[in-house]
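Chemist: So the sequences go chain by chain: A and B.
In this text, residue positions in the first sequence follow the numbering used here: the first is 160, and each later residue adds one.
In this text, residue positions in the second sequence follow the numbering used here: the first is 484, and each later residue adds one.
Derived from the structure by calculation, the hints contain no laboratory data.
Hints should not be assumed to be uniformly reliable.
To be verified - 20 Å max Cα-Cα, derived DMTMM-like pairs, lysine to aspartate or glutamate: (1) Lys320(A) <-> Glu242(A); (2) Lys545(B) <-> Glu361(A); (3) Lys170(A) <-> Asp616(B); (4) Lys258(A) <-> Asp295(A); (5) Lys170(A) <-> Asp611(B); (6) Lys609(B) <-> Asp165(A); (7) Lys545(B) <-> Asp564(B); (8) Lys545(B) <-> Asp167(A); (9) Lys170(A) <-> Glu606(B); (10) Lys609(B) <-> Glu372(A); (11) Lys170(A) <-> Glu591(B); (12) Lys545(B) <-> Glu372(A); (13) Lys552(B) <-> Glu372(A); (14) Lys552(B) <-> Asp572(B); (15) Lys320(A) <-> Asp295(A); (16) Lys170(A) <-> Glu619(B); (17) Lys552(B) <-> Glu515(B); (18) Lys552(B) <-> Asp373(A); (19) Lys552(B) <-> Glu364(A); (20) Lys609(B) <-> Asp167(A); (21) Lys545(B) <-> Glu364(A).
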Amino acid sequence: MSDMLDLDRWKPAPFLPDADARDGSLVFVVATLCFLACLTALAVLASDRAARGWTQQLTGEATVIVRPKANETPDSAAARAAETLAGVPGVAEARALEKEKAEALIAPWLGEETDLSDLPIPRLVAVVLSPENPADTKTMNLALRSQGLDASVDDHSVWMKDIERGASLARWIGMAVFALIATAAGAVVAFATRAGLAARHEVVEVLHLSGAEDAFIARLFQARFARMAAIAGLFGAAGAAIMGALLRLLGGGSGLTPVLPIAWTDLLAVTPAPLAAGLVAAVAARLTAQSIIRGLQ
Amino acid sequence: MSRNPLPEGAQDIDPATVRFDDVSMRYGRAPETLRDLSFSLEPGSFHFVTGASGAGKSSLLKLIYLAAKPSKGLVHLFGQDVSAVPLRDQPFLRRRIGVVFQEFRLLEHMSAFDNVALPLRIEGRKPDSYRQDVAELLAWVGLRHRMHAMPATLAGGEKQRLAIARAVVNRPDILLADEPTGNVDHEMALRILRLFVELNRLGTTILIATHDQDLVARSGMPVLHLDGGQLTRLGSEP
Ligand SMILES: Nc1ncnc2c1ncn2[C@@H]1O[C@H](COP(=O)(O)OP(=O)(O)OP(=O)(O)O)[C@@H](O)[C@H]1O
Ligand SMILES: [Mg+2]
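Using the sequences and the accompanying hints, generate a full structural model.
Modeler: Put into structure tokens, the structure is as follows:
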């Protein structure tokens with residue numbers, strides 16, 4: 160009667176055979192795709208943060224170019240401009256830059272040999288705007304003109320637009336890459352499901368001929384591939400998070416990676432990856448399985 | 484959750500379990516494998532299908548277990564034209580048909596016990612409701628001591644009986660057996676025949692495809708003989 164005891168302990172075997180030699184490579188490919196997708200997400204977040212940092216820095220500053228008139232030395236024109244600007248509400252600080260600094264800025268365009276002392280080099284005034292209520296370009300220009308100064312104010316808005324355009328471009332590219340990777344993951348899973356069904360053709364046919372409904376068989380594959388992709392997604396996401404953490408540790412807030420500053424909270428962006436991979440796989444597996452089973456009849 | 488695709492009282496309209504009306508069948512663009520078959524199997528009947536290798540015996544069975552479609556004519560099961568049964572209802576029709584495949588088609592990753600339990604699990608039955616039945620059925624086909632064995636470790640005759648047990652476990656209305664004695668010795672063939680006769684007594688309609696003329700003769704059951712894709716001889720009911 161020992162077999163009767165065995166019987167009480169009997170648990171139904173899974174409908175599908177456990178593993179397949181191909182499963183390992185599928186996990187590897189999906190993990191790699193998830194890793195790349197997570198890195199893309201981190202890069203988008205970081206470039207967004209970098210752009211925000213730069214624009215913030217730029218909004219707080221303005222540069223004024225002072226062209227000395229014939230009756231005034233460049234030094235005194237610059238000094239007068241700085242003085243005037245310091246009096247404008249919304250300007251925290253205005254400082255005339257030394258002659259050498261202005262020359263150093265244009266030297267690359269003229270070459271080292273050029274004797275700059277003969278040229279009427281415009282002087283620069285660096286303006287720091289007060290953060291609460293920054294003075295606008297118009298106000299500053301008016302103040303300068305009223306003092307008889309030939310000067311123009313650059314509030315960096317041109318640069319800011321460039322940075323913003325660059326940042327949004329990076330965002331769009333990031334999302335496009337992300338979509339591409341997700342599609343590739345779906346295609347890989349669909350391909351793997353096809354191979355998986357082919358390898359288990361015999362089982363699928365027997366289930367079908369024994370009266371299993373199509374949806375029932377599709378669900379078996381859906382569950383299997385969703386689980387496999389979710390596990391792969393976990394590996395990929397963990398890899399990307401480790402990579403991000405490493406960059407953060409090596410770089411600090413902005414040390415080694417000022418161009419791509421990563422915050423610890425950014426690493427949370429990888430958490431949906433396993434779920435997303437599982438979902439993509441489930442849908443791809445279900446659709447593929449259904450179309451193959453439909454071909455059986 | 485088993486649904487019966489039959490309309491109420493359909494059996495009264497057409498009492499035949501299986502009926503072929505002028506049925507032809509072909510694989511792809513090949514010439515017709517079966518031509519203009521017309522016959523019917525009454526409920527509780529027992530028939531053999533004979534014919535040379537390649538005559539189309541397996542193909543005929545495929546038409547009945549809905550693995551192939553006729554290229555012409557109508558197949559009726561339980562009084563219903565199968566071409567009119569919606570795809571989503573076909574699984575429920577299949578559950579009323581037990582099949583012993585010529586090549587067994589046992590699932591290699593499952594034990595003998597699991598293989599037999601398969602049709603019941605597909606119907607959504609809970610293990611506690613069939614554990615005992617499956618064990619008894621395995622005992623009935625003489626495989627009680629092998630119930631935890633994997634199919635790969637079974638002898639030909641054991642596989643054959645396992646395939647039979649799986650085909651009958653959910654008490655189908657029809658049992659189709661394709662060459663069920665092809666892999667066993669004479670002694671075992673007779674045991675299997677007795678098994679079918681016993682099932683038939685319990686009310687199952689039986690159709691067996693075979694080469695085994697001796698088996699046919701011994702049973703004394705009517706024969707559908709296939710030759711050149713056509714039904715050439717139809718034995719009468721005993
Ligand atoms: N899946 C298939 N695709 C194409 N042709 C097939 C297929 N299955 C069978 N045939 C052909 O159909 C004809 C009938 O085959 P079938 O298997 O029905 O014969 P059978 O009577 O069962 O033969 P056997 O006694 O050898 O089992 C043969 O000519 C065979 O080559
Ligand atoms: Mg055959």
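Chemist: Indicate, hint by hint, whether the structure satisfies it.
Modeler: We went through each hint and held it up to the structure:
Distance restraint check for Lys320(A) and Glu242(A): the Cα-Cα separation of roughly 29 Å exceeds the 20 Å cut-off, and the hinted pair is therefore not satisfied. Taken as a hint, the Lys545(B) and Glu361(A) pair is honoured in the structure, with Cα atoms around 16 Å apart against an allowance of 20 Å. With a C-alpha separation of about 15 Å, the suggested pair Lys170(A) and Asp616(B) falls inside the 20 Å cut-off, and the hint holds. A hinted pair counts as satisfied when its Cα atoms are at most 20 Å apart, and Lys258(A) with Asp295(A) does not qualify at roughly 26 Å.
This hinted pair checks out: Lys170(A) and Asp611(B) have alpha carbons roughly 10 Å apart, not beyond 20 Å. A distance of roughly 17 Å separates the Cα atoms of Lys609(B) and Asp165(A); the hinted pair therefore holds under the 20 Å criterion. The suggested pairing of Lys545(B) with Asp564(B) holds, with an alpha-carbon distance near 16 Å, which does not exceed 20 Å. Using a Cα cut-off of 20 Å, the hinted pair Lys545(B) and Asp167(A) is violated, with the two alpha carbons roughly 37 Å apart.
Among the hinted pairs, Lys170(A) with Glu606(B) is consistent with the structure: their alpha-carbon atoms are about 17 Å apart, no more than 20 Å. With a CA separation close to 17 Å, the supplied pair Lys609(B) and Glu372(A) stays within the 20 Å bound. As the CA atoms of Lys170(A) and Glu591(B) are separated by approximately 17 Å, the hinted pair is consistent with the 20 Å bound. Taken as a hint, the Lys545(B) and Glu372(A) pair is honoured in the structure, with Cα atoms around 18 Å apart against an allowance of 20 Å.
The straight-line distance between the Cα atoms of Lys552(B) and Glu372(A) is roughly 19 Å, inside the 20 Å bound, and the hint therefore holds. Restraint check for Lys552(B) and Asp572(B): satisfied, since their Cα atoms lie roughly 16 Å apart, inside the 20 Å limit. Taking the CA atoms of Lys320(A) and Asp295(A), the gap is about 16 Å. The hint holds against a cut of 20 Å. Annotation: proposed proximity of Lys170(A) to Glu619(B) holds, straight-line Cα distance about 17 Å (limit 20 Å).
Our distance criterion of 20 Å between C-alpha atoms is met by Lys552(B) and Glu515(B), whose separation comes to about 12 Å. A C-alpha spacing of about 18 Å is found between Lys552(B) and Asp373(A), which places the hinted pair at or below 20 Å, so the restraint holds. Of the pairs offered as hints, the one joining Lys552(B) and Glu364(A) holds, with about 16 Å between alpha carbons and a cut-off of 20 Å not exceeded. A C-alpha spacing of about 13 Å is found between Lys609(B) and Asp167(A), which places the hinted pair at or below 20 Å, so the restraint holds.
In summary, the hint linking Lys545(B) to Glu364(A) is supported, as the alpha carbons are separated by about 13 Å, within the 20 Å threshold.
Hint compliance for this structure: hints 1, 4, 8 are broken, all remaining hints hold.
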